[in-house]
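Q: Residue strings, one per chain:
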Amino acid sequence: MGDLVRLKIDGQEIAVPATKEAYDPLFKKHVTIPTTIYDAAVALAQKSGQPNPIPILCHREHINPVAVCRVCSVEVKMGGVPGRVLAPACYRPVENKMEVETAQTNERVKTTVRCVTQLLLSDHPSGEMPSHEGDNELDVIARRYDIHGSPYPRAKEKRAHDNSSVVIAVDHNACILCDRCIRACNEIRDNQVLGRMGKGYKAQIAFDLNNPMGDSTCVACGECAVSCPTGALLHRKEVEADPWQNVSPRPGPVRADELSGHPLFEGVSVPFLRWNEGSVVRRQFKKGDVICREGEFGSTAFLIEKGKVKVFLQSPRAHVQSRDGWKGLFGLIQKFTSGLVSRSRNGQKDEKQPRYIHIDAPVALELNNPIAMMSEGDIFGEMTCMNHYPRSATVVADEDCTVLEMLRNVLYILQRNKKSRAWLDQRYRDRSINNHLRGVPLFADVLEDEEEFQRFVNYLRLRVELRRLTPGEVLFRQDDPADNFYMVRVGFIKVSQRRPGGEQILRYIGPGGYFGEIGILSRLPELAGKVPAGVRTATCAALDHVDLVVVKPGVFVALNEHFPKLRQHFLSIAEEHLRRDQENKADVDGVALGDFLQQGLMNAQSLLVLDLEKCTRCDECTKACADSHDGVTRLIREGLRFDKWLVASSCRSCLDPYCMVGCPVGSIRRKDSREIHIEDWCIGCGKCAQNCPYGNINMHGFDETISDPLNPGRKIAVVQQKATVCDLCESLDGQPSCVYACPHDAAHRMAGKELMEQVGAHN
Amino acid sequence: MIVQELVAIQDRCGYLPDEELRALARRISVPLHRIHEVASFYPLYRLNPGSSVTVRVCRDMACHLRGAARLKGVLQALANEIGPDQVCVEGVSCLGQCDSAPSAVSINDHVYWGVSEDELKKRMHAAAAKETLPHQHGNRDPLGWKIDPYDGKPRYEAVQKFMEKRDADGILKSIEVAGLRGMGGAGFPTFRKWSFVRGTPGDVKYVVCNADESEPGTFKDRELLRRTPHLVIEGMLLAGLVTGAKHGYLYIRHEYHDELEAFEDALEDARSRNVIGDNILGSGLTFKLDIFVSPGGYIQGEESALLEAMEDRRGEPRNKPPFPVTHGLYNKPTVINNVETLAWVPSIIIHGGEWYKNGGTNGATNGATNGATGMRFVSISGDVKKPGVYEVPLGQTVRDLIFNCAGGMHGGQKLKAIATSGPSGGFLPTFIPADKLPPKFAKEKLAQGAKGLDILDLPLDFNTVGAMGGMLGAAFVVYGDRAKMLEQALNCVEFYRNESCGKCVPCRVGSQKLVDIMDGMLQGQMKREALPIVSELGQTMTLASICGLGQVAANPMLTLMKYFPEEI
Ligand code: SF4
Ligand code: FES
Ligand code: FES
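First to last, the sequence lines map onto chains G and H. When the first sequence is numbered by the working numbering, its final residue is 763 and no position is left out of the sequence of numbers. When the second sequence is numbered by the working numbering, its final residue is 1331 and no position is left out of the sequence of numbers.
Note that these hints are calculated values from the structure, not bench results. The C-beta atom is built at its ideal place from N, Cα and C for all residues, glycine as well. Hints are all accurate, no fakes.
From the structure, some residues in chain H lie toward chain G, with a derived Cβ separation under 8 angstroms: (1) His799; (2) Glu800; (3) Ile1280; (4) Ile1296; (5) Glu1299; (6) Thr1303; (7) Ala1307.
Sequences are here, hints too, so could you generate the full structure?
A: What follows is the structure, encoded as structure tokens:
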């Protein structure tokens, strides 16, 4: 450690080694650097038992000094002659025969330290509350020098707050630019997110390109907040004061030290875990206890520590249909009552049903037998936790088991932390991928042979990439060259297209959904030259926290080689596309918004069309609709007008079908037309009804008897909630009741093509 | 490469779009924050598309004194007419054209000086119509200065002389004898700096010529760069040969585009004469010279901040020690000298150290290496008839300077104050009573019975001005009796506030608070009661700031309080 250097601090002699070891973050190695005056003062304080006379603010012993705050200023005399200016003790190397004077003995130093502290207080929120006994490091220094408030004028303009991160709140007013968070982020953690921006008095800390913290590449390790001396970066406690208050027995928090032993938490800073103690609890469940219930809202995710759980859908696979009661008895038309009908029973012609339902867990549920098992190490409920969507399934302890339940802030951190993410991703590859791919209708339908399916999963296991998007992040833009194929695990992707007159949202793709295949079909040799080399036809952006599985073009092509059935399927998709392109030669991109709506109509199977020349606005149709749907009308006598025809709507077919967002099981969908459909596996959580700004989606409760999934063979009675939109209810003459009810023959059901022909005929 | 890459992006896109910055980060694999901290620091870069025409009017010392605010108002009115979304008029820090004050204006980064209001308006219209703007050129003719032994011809005889004997010590000796000191403001003896670097072991060393002349009122290097670039080149080369550095950089402010061109031409010429490059004049010695165009900001003139910029970081001064002579560019021993300092070297080598030393007259101390001897260039601006650059002997009096060189006071005004080092030394009054002078100075320098010092008698040499508590720089700004000194002082402090890098608290926060307080006083909201905290603040800034900027930023106000109490 080099020779000893002797110096005096406030008249007291001390000898310290000339150099010390430090970590050089730039070259990532240990280096020898000079011992500083501050180090010497620490040594002296240890020796004498007196408090260290030198305050520090921008410096800490474990980081390399930058000497920007200057509260550690000292007078350095050599041979009795003071320097022209003061020296920062945290930076200035010790020299033999140095005489150092601190604020204790030197008035210039004292005035300086006080003045610097006052300057900082004049802009810091603490300075506004002179009596306030703050506990941040700036306040502590202020108290030490008996400073109350600041004589300097306060900043004229307030600086911004950034609350975009789930775990850390940023208050730029409290930031003194000490650089500690920056060094914490870049040097200690090597996360490389934080920097300074701007210059002079306007300088600030910034994430990436001055992005909101929540949208930046911040991995939420928490190191910056731990380092901040002034409360500018604060860990956010979860909003609920006590998230576990309704849980009984009251679960105990898992201690930070214990957590950090778990591989999932290993990479997270212990101070952060400590700060968030209480955000992870351990819960014990007895066999048969319900851990969470489908349709419930929640804000937690679960990690099974020990034991097995059963996950299943309780709701029957069925949708709501109106059925006629006893008609004509006593000449009265009875109120229509509704009942549940399953698609198969209903016999409605429809696209192929998926065989599996994707849920918010590492397992997929078979449509016809929606029950599965999860065990130790499985994480479930991520989507509910991150995006506040209802639970997608019911989970019940299958034996006595222990589960860690965690709040959003913790999961958020885990997903952003390098080590935890690696662990999560590994879990995905090891286990969830199988079920995830099963839940993607595309594969489940095509690869019916289990053996083949397993081969397929094994092929992809290590070849896919996993990617997370933050809310609002754009994955690619329309006209970008097409590269990957994507599958959604968690969250929703918003698909939109630029059109003259505006941006049209085409759809939302939720868990189990996939996209991007069209763009890379041209890579299949059969299609080379036939399908134009792909550019993206729409823009895809994350609506909320999204987890994606990415299949690179090379892997995509290889997949098609190894799995002929898949290839067949993709070829037919391509064929379908080519055919459609042929059919409507019009360049879709050039079609204006209004025309696009028309196109949507063209595809519609059954539009309710009102002939405005005949319609007297008597509202009988609306009333009939209400009558046949428990008093709630689903019909609005408003809509697009074509000539004398008004296309009424049971659903406004909003440009932005927001109702679809957040359906935990993906049962609300938009098909070829713009109409919304609700599939049989609706679990009745009510998310879509809540989403619909017009109240056009209704929840209906039905008394139902279902077979108990926990006790095969037994039946239980439940009140089943189901969502409904217009269901084309049938009335006496087989027409929907609204059409039947129209006394003026103004209401008609017709297909889009018919309507267009009508309109054309009139023109 | 970040600095130059950003310039390239901006040239291509007109500003720095986020996607481009992201692409750059990927391409050169650095984190986003590294790019952004640089892009958001330097005034050259724009992070937003902004308006298509940007007009910048110098707002500092000389221009402020001579009516910059009025000129800006006139141009702003025209901008409003053309369309405020299309044309933006803003203030800018000193453009180094103070002798044309207030006509120091840039339009879309073309710097114009001494151009009439009507002509400026025409050019604004032209810019708005997307026409190509003219490029203004200055005169490159030699003016018969003593500094140029070749009368404008790039003869490089000093290098040839060196090559004959390769006597580096001899050169150092001449410079020592000459007593040549740093002409950028600090006045550090040049031979000591060179000897340090020469004595520091290491294969890789650098020479950097600081041509980032940005202090309000200073524009002498501008003339030297344009009229005598060969001297600067030769000076750098000699510094390299003496210290063992094989690579030199000219760090030049981007607003000096005409000087940049002149230098480039001279460099081209030097290369063709084989005085720069490999195997110089067949000697087997190497010296490469490159130009680094500054992305802007006064603080870059601080030598360690300049190095930070060259190393692609935010141009924030380093904590010292260590100093650049041992830990300079890329942590290697580095000579950083001002343009003028280097330009004096050839003539000193050709004529000898004595020749330079004897250029001084009057009471300048002779002989001692720390004495004030020799010659220098000064920039004079403000309320004088002939503002400009003058080659003068050190020790010349203020009277000589104002009334002989600069032709006397402008517009029949009386002298009220002078600034002897741009804003950094604050102001001196016409008469300093003996009790406000340092006792030692009063005793030694004042004539018997004198009540004080008539400023016109003050000899301008480093020692005398230093001894009386002032600072001797290269910028003389002369204030006539119409100037309101509080307002002028505020203008100077605002300059420092604007140019503070923001690294250290005393300067970053202190300069803003000082502006707030002075502004409050000017508006009448703050009273003299605030003066004690101003003194405290000034002292703190002086004692605790990292670099010279913060250390001098309060001087305009402190000297105002000392010499012009009646003006507050
Ligand atoms: S004194 Fe000012 S310019 Fe110098 S380092 Fe400090 S903040 Fe930057
Ligand atoms: S603690 Fe030394 S400058 Fe901040
Ligand atoms: S150009 Fe205006 S003060 Fe220098």
